[in-house]
Amino acid sequence: QKEVEQDPGPLSVPEGAIVSLNCTYSNSAFQYFMWYRQYSRKGPELLMYTYSSGNKEDGRFTAQVDKSSKYISLFIRDSQPSDSATYLCAMSAEKLTFGTGTRLTIIP
Amino acid sequence: DTAVSQTPKYLVTQMGNDKSIKCEQNLGHDTMYWYKQDSKKFLKIMFSYNNKELIINETVPNRFSPKSPDKAHLNLHINSLELGDSAVYFCASSQGGLKSPLHFGNGTRLTVT
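So the sequence lines, in the order shown, correspond to chains H and Y.
Heads up: the first sequence begins at 25 in this note's numbering, then just goes up one per residue.
Heads up: the second sequence begins at -8 in this note's numbering, then just goes up one per residue.
Honestly, the hints are just simulated from the structure, not real lab data.
Treat the hints with caution; some may be incorrect.
Below 27 Å or equal to it, Euclidean Cα-Cα: the simulated DSSO-like pairs (lysine-lysine) are [claimed, not checked]:
1) Y/Lys90 x Y/Lys27
2) Y/Lys13 x H/Lys66
3) H/Lys80 x Y/Lys90
4) Y/Lys90 x Y/Lys43
Label pairs and their in silico Cβ distance ranges [to be verified]:
5) H/Lys66 x Y/Leu74: 18 to 28 Å
6) H/Asp102 x Y/Gly7: 47 to 57 Å
7) Y/Pro(-1) x H/Thr129: 21 to 31 Å
8) H/Glu27 x Y/Val51: 31 to 41 Å
9) H/Glu81 x Y/Leu74: 41 to 51 Å
10) H/Lys66 x Y/Asn8: 19 to 29 Å
Please read all numbers here as calculations on a predicted model, not as lab measurements.
A virtual CB, placed ideally from N, CA and C, is assigned to each residue, including glycine.
Just chain Y, with the same shape it has in the complex:
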């Protein structure tokens, strides 16, 4: 029944490692997003895909690479993890593009040690 699901829920890893976060939505939405939420709860958009096409790529280090195999899935791969990457990463989806309300997953809490 979960509308937007992301795995894993928690991710603890060491600096320099490479990790991936997966996201799937079963709402039939055409647009998917990755957001980063820092310790002060500020939500900042990282990427957005519409029907598998990248439409937003904010100022994010090249170490972050999104991949959308189909419009129901959007994964995030992070290379050479750094301490500053520690945050909660949210996947979200919407129907009708960037102005539409978002449906969020429950987040992946990434801790880099």
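In isolation and in its complexed conformation, chain H is listed as follows:
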């Protein structure tokens, strides 16, 4: 079993919809949780960084961490075509471990 599981998609939703992206993990030592966005032929860029269970909001993005269920989510409200990218979850204990990424397309 992989330490971090992420549905690779692809996921296509119409513009304006709410997007939900999820990861599960098995290592209870993970303490720091991140979401990265990667556009085609670019490096991943940090979107959200959280430490504890609960929600963190930044504009249209909300990161949610449930340590008891070992489950993290990223919600995108009012999705835009510019949100089309691959989204990678990442989490760390001793070092950063990435999920495999979910490819998201927002249809105008």
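Following the hints, complete the assembly by docking chain Y onto the known chain H.
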């Protein structure tokens, strides 16, 4: 202005050749990394340096050798390239060690023919 820059952007070479990829960061970070991203977008750490000292060396063939002349630079040299080495290689940096968020370069797309 580029925070983490790596060169070249594209590298096409034949099996058996030796090649190098260079990386520089101007963020003042103390830790630098090399990651490999395969065709399925999975990012796997290869090496990490903290203040020029190697702190992570994952199971990577000896043909791969990182070098950090100073804490702002981390280069990757690959000997005797093989077809399976074809991938995108990302340099990244962070401040505060291995748990901290990473800043990535835009990658070097290596194709071995």
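Each hint tested on the structure:
1. Y/Lys90 x Y/Lys27: Within the cut-off at roughly 18 Å; holds.
2. Y/Lys13 x H/Lys66: holds (17 Å)
3. H/Lys80 x Y/Lys90: Measuring from Cα to Cα gives roughly 19 Å; hence the hint holds.
4. Y/Lys90 x Y/Lys43: With a Cα-Cα distance of about 18 Å, the restraint between lysine 90 of chain Y and lysine 43 of chain Y holds, given a limit of 27 Å.
5. H/Lys66 x Y/Leu74: 18 to 28 Å: Holds, since lysine 66 of chain H and leucine 74 of chain Y (Cβ atoms, about 25 Å apart) stay within the stated range.
6. H/Asp102 x Y/Gly7: 47 to 57 Å: holds (52 Å)
7. Y/Pro(-1) x H/Thr129: 21 to 31 Å: holds (30 Å)
8. H/Glu27 x Y/Val51: 31 to 41 Å: violated (19 Å)
9. H/Glu81 x Y/Leu74: 41 to 51 Å: The hint (41 to 51 Å, Cβ to Cβ) holds, given that glutamate 81 of chain H and leucine 74 of chain Y are roughly 46 Å apart.
10. H/Lys66 x Y/Asn8: 19 to 29 Å: holds (27 Å)
The earlier numbered hint that this structure contradicts is number 8, and it is the only one.
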